[in-house]
Amino acid sequence: MANIVLNNLVKKYGNTTAVHGIDLQVKDGEFVVLVGPSGCGKSTTLRMIAGLEDISGGTISIDGRVVNEAEPKDRNIAMVFQNYAIYPHMTVAQNIGFGLYTSKLQESERKKRIEETAQILGLEKLLERRPSQLSGGQRQRVAIGRAMVRNPAAFLFDEPLSNLDAQLRTQMRLEIKKLHQRLGTTIVFVTHDQVEAMTMADRIVVMRDGHILQVGTPMDLYERPADIFTARFIGSPTMNLLPARLIERAGHHVAELDRLGASVALSSAGISDAKGPEVLVGVRPHDLVVGAQAGEGGLCLSGTVSVVEPLGPETLVHLDLGGTSIIASAPGKIIPKAGDHVTVGAQAGSLYLFDSKTERALCRM
Amino acid sequence: MTTTAAALEARLSRRSIRPGRIIAWTLLFLGGVVMMTPILFMLSTSLKDASQVYDLRLIPESPSFDNYIAVLSDGRFLRWFLNSLLVAVCVTVSNVFFDSLVGYTLAKYQFRGRYFIFIAILSTLMIPTEMLVIPWYLMASNLGWIDTYWGIMFPGMMTAFGTFLMKQFFETVPDEFLEAGRVDGLNEFTIWWRVAMPLVTPALSALAIFTFLGNWTAFFWPLIVTNSRDLYTLPVGLSSFAVEQAIQWEMIMTGASLATIPTLAVFLLLQRYIVRGVMLAGLKG
Numbered sequence: 001m002a003n004i005v006l007n008n009l010v011k012k013y014g015n016t017t018a019v020h021g022i023d024l025q026v027k028d029g030e031f032v033v034l035v036g037p038s039g040c041g042k043s044t045t046l047r048m049i050a051g052l053e054d055i056s057g058g059t060i061s062i063d064g065r066v067v068n069e070a071e072p073k074d075r076n077i078a079m080v081f082q083n084y085a086i087y088p089h090m091t092v093a094q095n096i097g098f099g100l101y102t103s104k105l106q107e108s109e110r111k112k113r114i115e116e117t118a119q120i121l122g123l124e125k126l127l128e129r130r131p132s133q134l135s136g137g138q139r140q141r142v143a144i145g146r147a148m149v150r151n152p153a154a155f156l157f158d159e160p161l162s163n164l165d166a167q168l169r170t171q172m173r174l175e176i177k178k179l180h181q182r183l184g185t186t187i188v189f190v191t192h193d194q195v196e197a198m199t200m201a202d203r204i205v206v207m208r209d210g211h212i213l214q215v216g217t218p219m220d221l222y223e224r225p226a227d228i229f230t231a232r233f234i235g236s237p238t239m240n241l242l243p244a245r246l247i248e249r250a251g252h253h254v255a256e257l258d259r260l261g262a263s264v265a266l267s268s269a270g271i272s273d274a275k276g277p278e279v280l281v282g283v284r285p286h287d288l289v290v291g292a293q294a295g296e297g298g299l300c301l302s303g304t305v306s307v308v309e310p311l312g313p314e315t316l317v318h319l320d321l322g323g324t325s326i327i328a329s330a331p332g333k334i335i336p337k338a339g340d341h342v343t344v345g346a347q348a349g350s351l352y353l354f355d356s357k358t359e360r361a362l363c364r365m
Numbered sequence: 001m002t003t004t005a006a007a008l009e010a011r012l013s014r015r016s017i018r019p020g021r022i023i024a025w026t027l028l029f030l031g032g033v034v035m036m037t038p039i040l041f042m043l044s045t046s047l048k049d050a051s052q053v054y055d056l057r058l059i060p061e062s063p064s065f066d067n068y069i070a071v072l073s074d075g076r077f078l079r080w081f082l083n084s085l086l087v088a089v090c091v092t093v094s095n096v097f098f099d100s101l102v103g104y105t106l107a108k109y110q111f112r113g114r115y116f117i118f119i120a121i122l123s124t125l126m127i128p129t130e131m132l133v134i135p136w137y138l139m140a141s142n143l144g145w146i147d148t149y150w151g152i153m154f155p156g157m158m159t160a161f162g163t164f165l166m167k168q169f170f171e172t173v174p175d176e177f178l179e180a181g182r183v184d185g186l187n188e189f190t191i192w193w194r195v196a197m198p199l200v201t202p203a204l205s206a207l208a209i210f211t212f213l214g215n216w217t218a219f220f221w222p223l224i225v226t227n228s229r230d231l232y233t234l235p236v237g238l239s240s241f242a243v244e245q246a247i248q249w250e251m252i253m254t255g256a257s258l259a260t261i262p263t264l265a266v267f268l269l270l271q272r273y274i275v276r277g278v279m280l281a282g283l284k285g
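Protein chains in written order, with full-length UniProt numbering: chain S, 1 to 365; chain B, 1 to 285.
Simulated from the structure, these hints should not be mistaken for lab results. Note that this is a predicted model, so its numbers are computed, not measured. Hints are supplied without guarantee of correctness; some may be wrong.
Stated by the list, open to error - No farther apart than 27 Å at their CA atoms in a straight line, the calculated lysine-lysine pairs in the BS3-like style are these:
1. S/104 x S/73
2. S/112 x S/73
3. S/125 x S/178
4. S/125 x S/177
5. S/177 x B/108
6. S/12 x B/108
Unchecked claim - Output of the computed footprint for chain S on chain B, the stretches with three or more beta carbons under 8 Å from beta carbons of chain S:
7. 167–179
8. 195–205
Claimed, not checked - Chain B is nowhere near these chain S residues, computed Cβ spacing over 10 Å in every case:
9. 66
10. 71
11. 77
12. 102
13. 173
14. 278
15. 292
16. 364
Here a beta-carbon is modelled for each residue, glycine too, at the ideal position from N, C-alpha and C.
With the hints as constraints, model all of the structure from the sequences given.
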């Protein structure tokens with residue numbers, strides 16, 4: 001097991017900077033997920049940790065040792081790739097054993113390790129098969145097995161679930177999480193899927209354009225997003241953002257949603273950080289419930305149903321509020337029809353306020 | 001049911017007598033005749049004695065294997081056969097090794113001048129062999145390689161075509177395979193040998209087959225670089241049956257028939273790879 005420290009890490013390709021001096025500490029045994037849209041620098045960061053990309057600036061330390069110049073093999077890490085990278089000309093046993101190619105283990109010990117790894121991953125009956133005879137999930141397990149067999153200090157996963165279908169992805173997510181609980185090895189996992197990040201991570205690192213925007217536990221990020229990007233990226237469906245103006249009415253701060261004819265009372269905390277009167281009121285679809293009363297300090301809106309998405313336990317309702325589209329939720333048994341006029345309400349405490357200019361979060365209300 | 005069966009039969013019969021199909025089969029048949037006729041005459045002539053050579057009947061009047069006995073009992077033929085085998089095998093092994101090594105380097109490593117080197121190698125494809133023969137000869141002469149095995153083999157030990165072919169194929173190998181090897185602690189040579197090479201087996205097969213056949217039938221350069229009969233390759237040796245006073249066609253054809261055995265064996269055994277190789281390499285057969 002190992003801790004990994006990135007200090008002012010920079011990656012440049014010619015004149016383009018892909019990673020802008022990021023700092024991150026991954027604790028021993030921690031499961032950290034780097035999440036962000038394509039091109040945000042998350043895979044580049046992971047590849048720099050693995051030693052597959054040169055570093056343009058800063059340092060990477062693994063277990064207290066600076067490894068900037070160390071070859072991948074000298075970092076004591078193992079990596080699982082997006083396309084599995086299991087060798088088609090080798091059997092499952094040979095693929096798993098390939099991770100031990102350079103180790104000077106005796107054949108019996110080597111065989112024992114392969115069998116143990118296969119047993120953990122449920123591959124013991126497939127050891128003589130070729131990758132072409134395996135399903136996507138089995139291939140992914142072989143790739144994980146090849147990484148595991150070396151007993152590395154840390155695992156690096158580069159979008160390993162993105163090629164699997166939805167059902168298998170859910171299953172593998174669970175298996176990787178169980179594996180982490182069993183082995184306790186440090187894991188850095190890259191994905192663009194916020195659901196993967198939320199369900200597996202001890203901590204999530206949200207990246208955008210080569211910068212780290214926020215680091216925190218999944219619930220931290222969900223409950224207290226630092227900016228609009230994180231607020232919209234974490235949580236599905238994405239948070240509704242409604243344009244508003246900060247005004248003072250009868251000595252109280254109010255966010256006036258002009259176009260929607262609604263307003264929300266604000267406490268003064270956090271409002272002083274606003275760079276102007278233009279703000280965005282954020283509300284998650286699950287907090288905006290069809291037919292619910294807003295109560296004091298809450299938000300109440302009316303609109304026409306445009307699309308309905310029944311999901312079983314709940315129904316997602318797309319509303320048109322006179323040109324502004326929002327998503328609300330309704331209990332699963334209530335399925336409004338397109339064209340119905342409905343009222344939706346969010347309780348006080350479930351609303352977020354963001355500065356339109358800086359895109360930073362101002363307060364929760 | 002009967003109606004359906006009848007309709008199906010009518011459709012099938014219409015399909016089988018489509019004019020396009022008749023033309024295609026006729027052209028293929030004519031092509032087959034054109035290709036097979038020289039081979040049949042070669043076999044036919046090898047079964048005739050000297051007096052019957054210019055008798056153009058395909059089936060000899062009194063066929064005999066005397067020519068085969070004569071050729072095989074002449075130690076020179078076996079020597080030329082082994083010379084050809086040695087040259088073809090050595091050049092093939094060398095091409096498979098070096099062409100793929102250089103192709104891999106050009107495909108998978110980023111370094112200054114990579115593109116220039118690739119273009120330089122590729123541009124040699126545009127120089128015809130006839131233009132290269134004199135420089136090769138001068139080089140061989142200066143280095144004392146005339147009339148040696150090395151002299152026969154050195155121009156073909158690595159080819160621009162093979163390098164180009166292998167580079168194109170290595171480019172299709174996902175980098176993740178190689179990176180997985182690096183993370184697993186393999187050195188670069190082992191990654192090439194253990195990981196990358198098995199992934200381009202179809203291309204390697206194609207390269208090996210074409211190189212072997214090309215060298216087995218090579219005539220021009222071996223003729224120029226060899227003086228002593230002991231170093232002749234099979235095509236050069238067979239041509240020595242044609243002397244000024246008398247061309248021994250029956251002996252040439254017997255030798256040629258025997259010489260086609262390895263070629264035929266390669267074709268029959270590796271037919272699947274050859275067809276795939278031709279498709280992969282985008283070559284005309």
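Against the structure, the hints:
1. S/104 x S/73: Satisfied, since the Cα-Cα distance of roughly 14 Å is no more than 27 Å.
2. S/112 x S/73: Given pair residue 112 of chain S, residue 73 of chain S holds - Cα atoms ~23 Å apart, limit 27 Å.
3. S/125 x S/178: holds, 21 Å
4. S/125 x S/177: Cα-Cα ~23 Å, so holds.
5. S/177 x B/108: violated, 35 Å
6. S/12 x B/108: holds, 20 Å
7. 167–179: Since 4 is at least three, the answer is holds.
8. 195–205: Holds, because 4 residues of the stretch 195–205 of chain B bring their Cβ atoms closer than 8 Å to Cβ atoms of chain S.
9. 66: holds, 19 Å
10. 71: The claim is violated: residue 71 of chain S sits with its nearest Cβ about 8 Å from chain B, within 10 Å.
11. 77: Its Cβ does come within 10 Å of chain B, the nearest being 7 Å, so this is violated.
12. 102: Residue 102 of chain S not clear of chain B: closest Cβ-Cβ about 4 Å, inside 10 Å.
13. 173: holds, 21 Å
14. 278: holds, 46 Å
15. 292: holds, 49 Å
16. 364: holds, 43 Å
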